[in-house]
Amino acid sequence: MLALDLLLQGVVQGAIYALIALGLTLIYGLLRILHVAHAALFTLGGYIGVIVTNETGSLPLALIVAMVSVGLLGIVIYRLAYKPLLDQSPLVALIASIGLFIAFEEVFRLVFGSYGLSFENPPLRTQVNLGGGLLISHSKLLVIGMAIIMLSILAWLSTRTRTGIAWKATVTDSQIASSFGINIERVRYLNFFIGSALAAAAGVMVALLTNLVEPTMGAVASYKALAIIVLGGLGSVRGTLVAAIAIGIVESFGTVYVGHILDRDALAFAFLVIALMIRPQGLFKAG
Amino acid sequence: MLLSVSNVTVQFGGVTAVADLSLQVDRGELIGIIGPNGAGKTTLMRVISGLVRPTSGSILLNGQDVTGWTIDRRVRSGLALAQQIVKPLATFTLAENVALACGSRRMGSPWQAMTTVNRNAELQRGRELLELVGIAAAADDYPSAVPLGHLKCLELARALALEPELILLDEPLAGLNQAEAAQMADRIASLVTESRSIILIEHNLREVIRICPKLFVQDQGRYLDFGVTEKVMANPKVRTAYLGEGAI
Amino acid sequence: MAYEVILLTTMAITVLFALSLNVITGFCGQVSLGHAAFYGIGAYVGAMLTKGGWPLLMALLPAAGVAGLIGFFVGLMSLRVRHDFLAITTMGIAFLFVGFVRKQEWLGGEIGISGIPAFGFGRIGLLVVALACAGLFAAVTIYLKRSWMGFGFDSIADDEDTARILGIDVPRFKLWAFVIGTAGAGVAGALYAHHVRYIGPDSFGFVESVTVLAMVIIGGIGSVWAVALAAAVLSVLPLWFQFIDDYKLLIYGLLVFAVMRFSPNGIAGALQSFRRRLR
Ligand SMILES: Nc1ncnc2c1ncn2[C@@H]1O[C@H](COP(=O)(O)OP(=O)(O)OP(=O)(O)O)[C@@H](O)[C@H]1O
Ligand SMILES: [Mg+2]
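Residue numbers (our numbering), protein chains in the order written: chain R, 1 to 287; chain G, 288 to 535; chain H, 536 to 814.
These are computed hints drawn from the structure, not numbers from a lab.
A hint or two may mislead.
Claimed, not checked - In silico contact screen, one side only, chain H against chain R (beta carbon under 10 Å); selected entries:
hint : residue
1    : Ala629
2    : Asp781
3    : Tyr782
Just so you know, these numbers come straight off a predicted model, no measurement behind them.
Where is the CB? At the ideal position from N, CA and C, for every residue including glycine.
Using the sequences provided together with the hints, build the complete structure.
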């Protein structure tokens, strides 16, 4: 029973990782930038989710507001921060992004205070019985559901719509894409919007699970999401998904069985390093 | 025997790029390798130089089995190559590009490199080699500032700088106009000495036939013919392979 | 006086730390997002030894040795993974180090090691040692950059496949860069441990790795002087901003961002274009 319980925990954690890392993968796939500040958008999503829910009492509304506004902020960040740096070495964008991330965390602390916020009436706390004594809260179910829904929408967007096909073409070869009349700049804006909105959704989900948002909640996301997209093969959506779930599960089992030697993060990274030594290009080829 | 390629096969997934090829090169030879697009010429060169590991077969350089060696080790023991796609070091001037190659047989290993500072001799030699290939005027330019023809010459100069016994050239004439190609071909022919051999992969049949005494022909990875140029060109199998391509 | 000594010691140690990463990332082009691990290894080795009665000056050698040895193994990994994959692998090593130390009773676990003995020749003595180490390392790396090894590093940083075709023994050059760089970080770490006299797993986290990388990039990749300058300034910036305590990290973050955004080649690049304009 313990094993099943751990597996479930791992999957929930993995679903959250997937939501955070997917946006990052989209952005990396297009621009080859390790966008650390993505984690700040995740935190902001969490804050907006809690504040709007507390004000209006509606979680769905809060989720939508968070995703849209953070998505727009993502576009602004691309326009002001990354666009001018695209023809520099990717390291420059990485460091700029880290600077931005530090600044954002401080802004959150100054604006929202350092102690964090909680839901006044924590939604979806009730437990469901999955049979055989396996309990799961509604909020956890929602997290898994969200991950599945978002992924399905993403898959549908990228294979069935004109925009999605334009996006894929741009990822494969932006020069060829633009000579076929695709507006690359628009694809990039859209990419940042979707990626950042996904981060916001992840922020709201984490707020639901922990009933707490604080300025530093993006710290773990900032590095672990990088690890996941790298493990997934950098730019591969399928790879990111598999890597996220795998790391979630490794963490939940590892903390129980080898937790006395290594902590949670170290476990995840031990897995990452070993996996990369075996497959230096990540689990899946980009695409 | 300077180079001896024995029964080499290279497979990429399902594609067999090189199928059971053998080739012997003596000192002082200039051998042309020809074959239609996709014949596996570049792959054969990449196997000889160590950029690709053969699926089976072996490569002997100066009687030593180098099949498992890395490319830089082969280069330090007498091999040089100029690739089909030019790859200059973008942050080095042309002279520095050549100078690095001049020093690398000695400085290729860290210890010697760490204890040597002076690189004037190599820079000087680099300029001489650039002069030899006809682009001395651009010696202090960066690769991004010079035309493709210059970069092709740079590849050749860098290959020479390694003081090799065997040079592999992959389509050095591609992208050059007729006059330039003829000039480059003459230059290549003049580089062959008693102690230095050249393998030339080239689509420009006219120049290959003009300068190469011997030809090696392959098609779809397989051996077609090897021998004296006139004889090879008279071989009906070679003609079909080429006319087939000509029809495209 | 005492305050200035502390400030200068902090600067000297940070400069050494940044210059050590400069060998790996600046010279050889191998991005490391986990350099703080080697700083940490040096700190722990140094602290354990002096607590066991060794004099600091003797403890510096094993600190460099252990850090360099582990750096050698990470260097071996760098032969297998490249670019962003390498950056994340090194980041993973740093997390492994911290995660491992956290769980080791004999290394102080979560609590860390306190009561690290003061340097026998006092604060000024430590400053002199730190300055000497930083100066020596700077001199060595300036020499390296001018030598054929630096020439080889340049070619690897530019394009390692081409470097190989030109006969450079890329794997061994990379290993040397990792060993020299991580050994330098080990010395810096041991000095740091005796400077602050308390270390714990949190002293060597992701933030520290990122900060030192930022110093190298803000200085201007590869340039010894500019990296030393950037490290010296950035190391004490938070202290100078004490008076606006609440905003100091905000300003720090924005500053890092602004330098990259408006002078992507760092201080060295900015100076160069300034000089060009003067002419
Ligand atoms: N790295 C690789 N992965 C997969 N297939 C490859 C690879 N390199 C070459 N091939 C395939 O092997 C075959 C031979 O290619 P190769 O480049 O050696 O031919 P070539 O004779 O040099 O052609 P060309 O005259 O056009 O330069 C081709 O079918 C090519 O698609
Ligand atoms: Mg070819």
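Status of each hint after checking the structure:
1. Because the closest C-beta pair between H/Ala629 and chain R is about 8 Å apart, less than 10 Å, the hint holds.
2. For H/Asp781, the suggested interface contact is upheld, since its CB lies about 7 Å from the closest CB of chain R, less than 10 Å.
3. With 10 Å as the threshold, the beta carbon of H/Tyr782 comes within range of chain R, its nearest partner Cβ sitting at about 7 Å, so the hint holds.
When each numbered hint is compared with the structure, no violation occurs for any of them.
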